[in-house]
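Participant: According to the numbering used here, the sequence shown is numbered sequentially starting from 278.
Source of the hints: derived by calculation from the structure; they are not laboratory data. This structure is a prediction, so every number in the text was calculated from the model and none was measured. Heads up, a few of these hints could be off.
What the hints assert, rightly or not - DEER-style ranges, computed between Cβ atoms:
id, residue 1, residue 2, range
1, V370, R299, 27 to 37 Å
2, R299, R344, 24 to 34 Å
3, R318, G358, 20 to 30 Å
4, V317, S340, 45 to 55 Å
5, I375, H343, 45 to 55 Å
6, T363, E324, 38 to 48 Å
C-beta atoms are modelled at their ideal positions from N, C-alpha and C, and glycine is treated no differently.
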Amino acid sequence: MEGHQPPGPEDRFEDDLVGLDRDDPEARAFAEHLDRMARVRNGYTVEGYLAGVTDFAESANRSRGHRRLMVTLVVALILLGLAFATWNLLTVVFGVIIP
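With the hints as extra help, turn the sequences into a complete structure.
Facilitator: Rendered as structure tokens:
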């Protein structure tokens with residue numbers, strides 16, 4: 278017996294969205310939204326964290342206007358923090374190696 282799979286966007290039209298047109302882009306987007314909301318992941322594992330990053334990237338790609346600007350700003354601040362931490366680490370390492 279195979280493991281139970283969560284319903285995908287196609288199954289939503291048979292279970293939750295009965296009567297809606299499968300070819301309608303808005304109905305398909307809503308089915309995909311329901312599918313994303315029904316996913317359950319353990320956030321305290323590496324796989325859970327990576328899935329969260331994937332969800333963030335996918336939602337960033339769907340955003341437009343000021344939300345996309347805010348996403349870009351958040352990513353830039355994260356990268357700036359990583360660059361600062363790397364620079365501090367390198368100065369300490371080279372300060373110990375080369376006195």
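Participant: Which of the numbered hints are not met once you compare them with the structure shown?
Facilitator: 1, 4 and 6
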